[in-house]
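Trainee: Chains as they are written, first to last, in this note's numbering: chain A, 1 to 243; chain B, 244 to 486.
Quick caveat, the hints were computed from the structure, so don't treat them as lab data.
Idealized CB from N, CA, C, for every residue including glycine.
It is possible that part of the hints are untrue.
Claimed, not checked - Among chain B residues calculated to face chain A with C-beta under 10 Å, some are:
| hint | residue |
| --- | --- |
| 1 | PRO317 |
| 2 | LEU376 |
| 3 | PRO400 |
| 4 | GLY444 |
| 5 | VAL447 |
| 6 | PRO448 |
| 7 | LYS456 |
Said to hold, decoys possible - Computed spacing ranges between beta-carbons, pair by pair:
| hint | chain 1 | residue 1 | chain 2 | residue 2 | range |
| --- | --- | --- | --- | --- | --- |
| 8 | A | THR182 | B | VAL276 | 30 to 38 Å |
| 9 | B | GLN370 | A | GLU12 | 47 to 55 Å |
| 10 | A | PRO178 | B | GLN396 | 39 to 47 Å |
| 11 | B | GLN254 | A | ALA113 | 32 to 40 Å |
Protein chains: 2
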Amino acid sequence: MGRVNLLLLRQEELDPEGVVRLTGRRLEHAREVLRVQQGQALRVGVLGGLMGTGEVLSEDREALVLKVSVTLPPPPRAGVSLVLAVPRPKQLKRVIPAVASLGVDRVVLVNAARVEKSYFDSKVLAQEFLDGLIELGLEQACDTVRPTLEIRQRLKPFIEDELSTWAPADALRQVPHPHTATPLRPVPASTHVVLAIGPDGGWVPFEIELFVKHGFQPVSLGPRVLRGEVAVPAVLGAVRAGT
Amino acid sequence: MGRVNLLLLRQEELDPEGVVRLTGRRLEHAREVLRVQQGQALRVGVLGGLMGTGEVLSEDREALVLKVSVTLPPPPRAGVSLVLAVPRPKQLKRVIPAVASLGVDRVVLVNAARVEKSYFDSKVLAQEFLDGLIELGLEQACDTVRPTLEIRQRLKPFIEDELSTWAPADALRQVPHPHTATPLRPVPASTHVVLAIGPDGGWVPFEIELFVKHGFQPVSLGPRVLRGEVAVPAVLGAVRAGT
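So that you can see chain A by itself, here it is in the shape it has in the complex (with noise of 0.2 Å):
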């Protein structure tokens, strides 16, 4: 784990006059990575609230105590919700989190034809497991609200069926895919993009067809073949480039 830079907390964690006593990970991070001292300042957000921060009234083996305060917004979503061909177990550990960094407002982890039907009884895809990871991500970039995540185990009913109420219907939606000439172009902030984005070795025809079908327009990453934790911040970052 690397250097979190954002402590995250739960509303009911904190008492009425904003204390917090806190154990197990956050503290060994705290006095072993952080290196806290009492009267320091940490930044602090509370899961799905504010962000402030937590003055360390006190520290030792048992606990660390902070008082805190919680005043700043997070900041905004990316307006992008990704439907996501579920990775490999291991890379799955990098996407997940650097989905929540940045700051996607939905995921939804699917089933397609180039997807090991393995993959579907990792731990990792254990909703606690995942919860771990987004936290990660928050911790990371400084944020404190979750994407949505689900899980579904075939994609057409997904995209028939829920598609359309899961995210804002008026969004632009979007098929990454090789062979395509139109590129990825940046999209105004003001409109909410949905990226339908493949496992490794891509969608094949069959859900291409699916998705175009339901109003997704294909577009080109280039020539390279990325994996999905280059992909994923690749595609975000064209996307929203320049807002």
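Dock chain B against the given chain A, drawing on the hints supplied.
Mentor: Frame of chain A, contents of chain B only:
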């Protein structure tokens, strides 16, 4: 290691008839991951040269023998040079393959105030190890051309004395930096871009001043703090969006 999309060969491995005999890592990968069979055609590329196919003449536990035919040029370069503060060794292992897969032309790993001195003693900065990381990125992206890679323990002399000959003289110089009003915007593909990407925690004021004094424009990536392995693809995606 993920699935290799291109088997990288060296020119000197090919005999005059274009036959190559592979052992070691590439043999293992071909047998265990790609599950190659006699007669099958694999995507291959000659390091620094052309790409094409390798027909499997034979494969067994000892060697994979290919008849190689390469006629296709590698994908165009990104037209980007990176001045990259040395990341933590664990991050470097992810950033360098990403840099290579994105087609970056050249990268210099530099020291910075917020880079821990111990990183320069890490074995991941050994040339052989870095070469391996670069080749991983090329095999992923289907490219044959390495970015040039250098290491400089002192930032200031590099910027003052070497930068002007290291990258094209007419390149646009940009330094991502928070608290900057100008967002990073797409730059036409015909303009080479030099990007200076800081360490975790960013460049310090002295470093930003040094860059600005040497023609770098500070640009914003937005309010989120992105880790190197996320920032690099996001920045490349933004700079080359629409090209």
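Trainee: Run every hint past the structure and note whether it holds.
Mentor: Hint by hint, here is what the structure shows:
1. PRO317: holds (9 Å)
2. LEU376: violated (13 Å)
3. PRO400: violated (28 Å)
4. GLY444: With Cβ-Cβ at 8 Å, under 10 Å, it holds.
5. VAL447: Constraint on B:VAL447 not satisfied, violated at 16 Å.
6. PRO448: violated (19 Å)
7. LYS456: violated (26 Å)
8. A:THR182 x B:VAL276: 30 to 38 Å: holds (33 Å)
9. B:GLN370 x A:GLU12: 47 to 55 Å: holds (52 Å)
10. A:PRO178 x B:GLN396: 39 to 47 Å: holds (40 Å)
11. B:GLN254 x A:ALA113: 32 to 40 Å: Hint holds: Cβ distance 37 Å, inside 32 to 40 Å.
The earlier numbered hints that this structure contradicts are 2, 3, 5, 6 and 7.
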